[in-house]
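Given the sequences, and given the hints that come with them, work out the whole structure.
Chains A and B are the protein sequences, given in the same order. Per the working numbering, the very first residue in the first sequence carries number 1; after that it's consecutive. Per the working numbering, the very first residue in the second sequence carries number 1; after that it's consecutive.
Check each hint, because a few of them may be wrong.
[To be verified] Covered by chain A, according to a simulated footprint, are these stretches of chain B (three or more residues, beta-carbon under 8 angstroms):
id: 1; region: 135-141
id: 2; region: 360-368
[Stated by the list, open to error] Non-contacting residues of chain A with respect to chain B, defined by C-beta distances greater than 10 angstroms in every case (computed):
id: 3; residue: L9
id: 4; residue: K19
id: 5; residue: T25
id: 6; residue: E29
id: 7; residue: I45
id: 8; residue: I62
id: 9; residue: E72
id: 10; residue: T78
id: 11; residue: E80
id: 12; residue: E81
id: 13; residue: S86
id: 14; residue: A129
Bear in mind the hints are in silico, worked out from the structure with no lab data behind them. The C-beta atom is built at its ideal place from N, Cα and C for all residues, glycine as well.
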Amino acid sequence: MDLYAENILDHYRNPRGKKLLKKPTIEHEEVNASCGDSLTLRLLIKGNVIEDAGWDGTGCAISQAGMSLLAEDLSGKTVEEAAALSPASIRTLLGVPVSERRLKCAMLPLLALKNALRTRKKEPPLAWAELLEEDIP
Amino acid sequence: MALNVPDIRRQFPFFTTNGSLVYLDSAATAQKQEAVLTAMDTYYRTTNANVHRGMYELAERATGLYEGARATVQRFLRARHSDEIIFTKSTTESLNLVAKSWGRAHLKKGDTVVLSILEHHSAIVPWLQLQEEIGIDSAWIDCDDEGTLIMDDLRSILSEKKVKLVSITGQSNVLGIRPPVREIIELAHRAGALVCVDAAQLIAHHPVDVTALDCDFLAFSGHKLYGPTGIGVLYAKREILKAMPPFLGGGSMIEEVRRDGFTPADPPYKFEAGTPPIAEAVGLKAAIDWILQTSWTDIESHEKSLMRAAFETLNGVEGLRILGPKNPDAASACVSFGIEGTHPHDLADILGQEGFCLRAGHHCAEPLHRRFSVPASLRLSVGIYNTEEEIRRLGPALTRAIRLLRK
Numbered sequence: 001m002d003l004y005a006e007n008i009l010d011h012y013r014n015p016r017g018k019k020l021l022k023k024p025t026i027e028h029e030e031v032n033a034s035c036g037d038s039l040t041l042r043l044l045i046k047g048n049v050i051e052d053a054g055w056d057g058t059g060c061a062i063s064q065a066g067m068s069l070l071a072e073d074l075s076g077k078t079v080e081e082a083a084a085l086s087p088a089s090i091r092t093l094l095g096v097p098v099s100e101r102r103l104k105c106a107m108l109p110l111l112a113l114k115n116a117l118r119t120r121k122k123e124p125p126l127a128w129a130e131l132l133e134e135d136i137p
Numbered sequence: 001m002a003l004n005v006p007d008i009r010r011q012f013p014f015f016t017t018n019g020s021l022v023y024l025d026s027a028a029t030a031q032k033q034e035a036v037l038t039a040m041d042t043y044y045r046t047t048n049a050n051v052h053r054g055m056y057e058l059a060e061r062a063t064g065l066y067e068g069a070r071a072t073v074q075r076f077l078r079a080r081h082s083d084e085i086i087f088t089k090s091t092t093e094s095l096n097l098v099a100k101s102w103g104r105a106h107l108k109k110g111d112t113v114v115l116s117i118l119e120h121h122s123a124i125v126p127w128l129q130l131q132e133e134i135g136i137d138s139a140w141i142d143c144d145d146e147g148t149l150i151m152d153d154l155r156s157i158l159s160e161k162k163v164k165l166v167s168i169t170g171q172s173n174v175l176g177i178r179p180p181v182r183e184i185i186e187l188a189h190r191a192g193a194l195v196c197v198d199a200a201q202l203i204a205h206h207p208v209d210v211t212a213l214d215c216d217f218l219a220f221s222g223h224k225l226y227g228p229t230g231i232g233v234l235y236a237k238r239e240i241l242k243a244m245p246p247f248l249g250g251g252s253m254i255e256e257v258r259r260d261g262f263t264p265a266d267p268p269y270k271f272e273a274g275t276p277p278i279a280e281a282v283g284l285k286a287a288i289d290w291i292l293q294t295s296w297t298d299i300e301s302h303e304k305s306l307m308r309a310a311f312e313t314l315n316g317v318e319g320l321r322i323l324g325p326k327n328p329d330a331a332s333a334c335v336s337f338g339i340e341g342t343h344p345h346d347l348a349d350i351l352g353q354e355g356f357c358l359r360a361g362h363h364c365a366e367p368l369h370r371r372f373s374v375p376a377s378l379r380l381s382v383g384i385y386n387t388e389e390e391i392r393r394l395g396p397a398l399t400r401a402i403r404l405l406r407k
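Encoded structure:
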């Protein structure tokens, strides 16, 4: 199965969750400066549950489709469940093989999520090397 | 067309192994001619020894090969003296050498270095580092929408600021534009500034004569000239090198080392610390010897036809916007573009799956991309071995890729 499968293209052409939230609990922007992919993630958190996830962004089909898929997946998760998401979870979400060369595109949504949660806890942001260390293709 | 392209192609083993690939990324790195590979392999199999220090005959032969490469580069660049040729590992290292050795010794707070908006990061960042380190200023020459440098920018900066150096590319790795380097050098010299030319792209596509140009520094890499990676050249005028402190410190660049200090060697060795890339120098010499078998007129005429075919092909794709020049003759060996509603990375990936090798990104020229208001572009670049036919095949492939991605 190819990276540009119908599911990916569908989420690219018709992104889900691409919206503003009225009063987001956190808002965080993550940019892949080397290629111009950027994602702004907004989460509405009540108690320890992610009630709603909205986002905005520009960039390649993989990063944008990936964010769309992740945003759908986040609603209803606890903060702990969201923090536990890994590169493997993203690979499952995408459902298509991701080559080395598109890894950062595919994982940008995850980095945005991790760093949104870290910012909320006033922790330092995760760097790419640390994030990708967990990745087992 | 005087070039026998099929015959040339056959001399590059890469194309035999990768018959189905259309390689349009020579600006990133060029493929290697047979003689280059043979020369390096033979060196390692028969004449490998460390250079300059050995007192046995084999070491003298190895040294002869290394210094022979230096002499070849000198002739290739038409430099007056072989000690004006320094081997480094790349253009990037050469440009860093200029900034960190010449720059640190001769620049102070308030001095200005002029950069063109076309420059590659390797010609920008070392000066920005000095900006942070010692407080020099940088001033920029902008270009118009077709990529032509605005020479009035240079003239005003030269008259208004204390300019010590102008850093200019011989050929843009994004737009293919060739700035008027000779004119820039004349203006700079009149204002008392030195000029450093980045010839990384120019070197494989046009004859370079450092004496005629009268540039003060010039840098290029072996791997873009159909030679190996891991070797670059810095040319600098003899008097300038004499007044520069060493860059890297270690063996070979010293006359004497004591516990309390050291005396550096004379140029070029002063700037060649440690064991040099000997096999790579041998490979570079073979690449230069090979390319000099073909006339520059024939090479440039062939590449001009390739660029005309490229522009024709790209201009036939709906929604495609070429960055910079409208006239293919103003774009030497490369052209960069974007397509509405698509991202360069996606296009490059999909084209790659069909066997087309193009580069996507900002090509280490972010200031240039920002000036054109795009985060990234797709780049097609050509080498001596490309054909018009393979370039034209890109047209339908682009159309298919766009159809797949378009919302």
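These are the hints, each one checked on the structure:
no.: 1; hint: 135-141; verdict: violated (count 0)
no.: 2; hint: 360-368; verdict: holds (count 3)
no.: 3; hint: L9; verdict: violated (7 angstroms)
no.: 4; hint: K19; verdict: holds (17 angstroms)
no.: 5; hint: T25; verdict: holds (29 angstroms)
no.: 6; hint: E29; verdict: holds (14 angstroms)
no.: 7; hint: I45; verdict: holds (31 angstroms)
no.: 8; hint: I62; verdict: violated (7 angstroms)
no.: 9; hint: E72; verdict: holds (19 angstroms)
no.: 10; hint: T78; verdict: holds (34 angstroms)
no.: 11; hint: E80; verdict: holds (33 angstroms)
no.: 12; hint: E81; verdict: holds (30 angstroms)
no.: 13; hint: S86; verdict: holds (23 angstroms)
no.: 14; hint: A129; verdict: holds (20 angstroms)
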